[in-house]
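Residue-level listing of the chains:
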Amino acid sequence: MSLLELTGIGRDVRLPDGSLLPVLAGVDLSVEPGEHVSIVGRSGSGKSTLLNVLGLLDSPTAGTYLLDGQPTDSLGGRRRSRLRGETFGFVFQQFNLLPRRTAEENVAAPLLYARGREFLTRNRAARAMLDRVGLGPRALSVPEKLSGGEQQRVAIARALVRGPRVVLADEPTGALDVETGAAVMALLAEVTAENGAALVTITHDLSVAALAGRRFRLDHGRLTPVAAGGALAAATSDRTDA
Amino acid sequence: MTGLLGTLSEAWGEVRVHKARVLLSLVGVFLAVLAMTTVTALGQMAAQVQQEQGEASGGRTATIGVSAYDPMTGSVPRDEWDAGVQALVSRYGLPEEAVATLAYENGLYRFPGGTQAVETRRVSPSYGPLHRIQPVEGRWLRSGDRQSLSPALVVNRDFLGLLGAADLSGHPTVVIGGPQPVLATIVGVVAWNEGYPSAYRIDSSAGDATASAGGVGFWSPPSLELWVPSDQADAVVAAVQTDLARLLPGAEVQANRQDPENLEDTIAKLRLAVRAAGLVVLFLGGLGVLNIGLVTVRQRIREIGVRRSFGATSARVFSAVVLESVVATALAGLAAVALSVAIVRNLPLERWLAGGVPLVDAPGFPVSAAVEGLLAATAVGALAGLVPALIAVRVKVIDAIRF
Ligand SMILES: Nc1ncnc2c1ncn2[C@@H]1O[C@H](COP(=O)(O)OP(=O)(O)O)[C@@H](O)[C@H]1O
Ligand SMILES: [Mg+2]
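Taken in order, these protein sequences are the chains called A and B. For what it's worth, my numbering labels the leading residue of the first sequence as 4, then goes sequentially. For what it's worth, my numbering labels the leading residue of the second sequence as 69, then goes sequentially.
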């Protein structure tokens, strides 16, 4: 049984003029525990929408999404939120760190929503995770005092601190220069693998996508597997579009 | 359990991070609670002092004074009056402590400097508690004093001065003159009616049987005081008047309420006015908190979205925003109450409230005023947090974290 199993997922959004825009149409995807999947696609192709559906932040308008074999469409709001917190870690393009809170507080923040021991030992766990991403000495710095690469490393620590089974990264290198981006991406892949979590990376950067074990391409709401050799072709067409 | 702790630490974190804005928005709440608590406390203390002083003269709420006189002879014979009172008390089953008797008498006391007539109140032991009389030395009269051959006296300090005694350590006594002199024992001293001597004497003592011992000259018509619940006062007045008139044929019976009846009313009105003013100020302070809450909740939409991605439920987002407001205003309330206590403690209250007269018990800061201030601050925080919290739960996560 797959960890995540999407079958025929569609997501329509209603536009201001009342018409329906199909952002996702018939997406099939399964993610196994611990594997690294990448999805490339042009800007506006629906990548973020797909990631939000995967992370239970958004609900599909068609198809079925099984998590651990359980349908997710019947979940109540409360259960959905809890499941999201327990199962997923998010890394965003814009880092989305909590402003004016130290790196340690940021990394500990997801554990505010955990219970029992996990909650009570959150600061220690945050420190350990910051050490792991090499930011132990900056634990008491606020995001405003950190570089982009450092902020994204804090975000990586934060995504992993609760021991998620899946890390969802939406263009994690999109706001970084090429070199820093590559280093951060390598770190993300490494730490995620170390923790045994699956990693789904959304990107339009081919070198980032190339790190994944399985690669997909999202185009006009449809997901297609990319053969290892087809990466270059995908990259070229992508660069010109974006 | 940890859920609550988590919500609390989240709220505390918010307050801590936004210190400046929180402080600013709290100035109104702080001032309102400070003003309200201080004025309420002062009002309560003034009321307590006023009540104490009012009760010392008129009796507690509600005290009914009953007296009788014979239009032909002047006063009702003592034994007839006593019998009438007895009958009345047993008919209504009045408890002993709710019934006091009082008669004025001019006692002739033999002081070292010569004999002097002193206004003396012959009272039952229950008279003291009814008028909140608290001796500054010794004790008040008690029913055991009636068994003593030597009448018990509670005197004021001027009386004691005439005896040449500074306090009760020498067990002072005084001879009450008249046809049959009797040696009276001073059991207590009160700080009362300063300037001229006065005394309370136990209504009866074992020696009285031999004669109207020590009694000279003028007896005012004896009177009776009944201490009854406020709401029954009018009914009791009517009942006593008819009943006692029947028991004392030929006598004119008067019963009326003698405690400062409208004091309660005045104080209640004063408190109401203060509270109303406080509520208006508090309301304005609450609007300030609400306003800042609305501004910041909009600034924090992204943050709320991020927290949702951590698994925060709607309930959690809601309570965190409300609690953030509550934590802030409760702290402001606490600070305001603390400052209010400090202010009230350092005011020359005795001079203001009691005109320099030392109070039997100096009123402390009323706990109810402090509790009220804290509750008001907390309630304002909760109310002002409600609207931003509703906005916060309606934030669409995907829109909040987009880009
Ligand atoms: N709630 C929405 N309302 C209107 N249009 C939307 C909404 N969500 C997504 N879209 C549109 O769907 C398309 C895909 O969006 P998105 O998933 O963010 O793309 P990507 O992340 O690949 O750039 C875009 O054209 C976007 O404008
Ligand atoms: Mg996107």
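Hints are not guaranteed to be accurate.
Which chain A residues stay away from chain B? Per the calculated CB distances, all over 12 Å, these [what the hints assert, rightly or not]:
#1 M4
#2 S22
#3 G151
#4 D173
In silico EDC-like links for lysine to aspartate or glutamate, alpha-carbon gap of 20 Å or less [claimed, not checked]:
#5 B:K464 - A:D15
#6 B:K464 - A:D76
#7 A:K148 - A:D134
#8 B:K464 - A:D61
#9 A:K148 - A:E193
#10 B:K87 - A:E147
#11 B:K337 - B:D299
These are calculated hints, taken from the structure and not from any lab test. Here the structure is a predicted model, which means the values were calculated and not measured. The beta-carbon is built from N, C-alpha and C at its ideal position, and this holds for glycine as well.
Taking the hints in turn, this is what the structure says about them:
At roughly 23 Å from the closest C-beta of chain B, the C-beta of A:M4 stays outside 12 Å, upholding its exclusion from the interface. The Cβ of A:S22 sits about 19 Å from the closest Cβ of chain B, beyond the 12 Å cut-off, so the non-interface label holds. At roughly 15 Å from the closest C-beta of chain B, the C-beta of A:G151 stays outside 12 Å, upholding its exclusion from the interface. For A:D173, the requirement that its beta carbon stay farther than 12 Å from each beta carbon of chain B is not met, with the minimum near 9 Å.
Annotation: proposed proximity of B:K464 to A:D15 holds, straight-line Cα distance about 16 Å (limit 20 Å). For the proposed pair B:K464 and A:D76, the alpha carbon gap of about 18 Å is at most 20 Å, so the pair holds. As the CA atoms of A:K148 and A:D134 are separated by approximately 18 Å, the hinted pair is consistent with the 20 Å bound. About 9 Å separates the Cα atoms of B:K464 and A:D61, which keeps this hinted pair within 20 Å; it holds.
Distance hint between A:K148 and A:E193 is unfulfilled; the C-alpha atoms sit about 26 Å from each other, more than 20 Å. Among the hinted pairs, B:K87 with A:E147 is consistent with the structure: their alpha-carbon atoms are about 17 Å apart, no more than 20 Å. For the hint pairing B:K337 with B:D299, the CA-to-CA distance comes to about 19 Å; that is within 20 Å, so the pair holds.
Checked against the numbered hints listed earlier, the structure breaks hints 4, 9; every other hint is satisfied.
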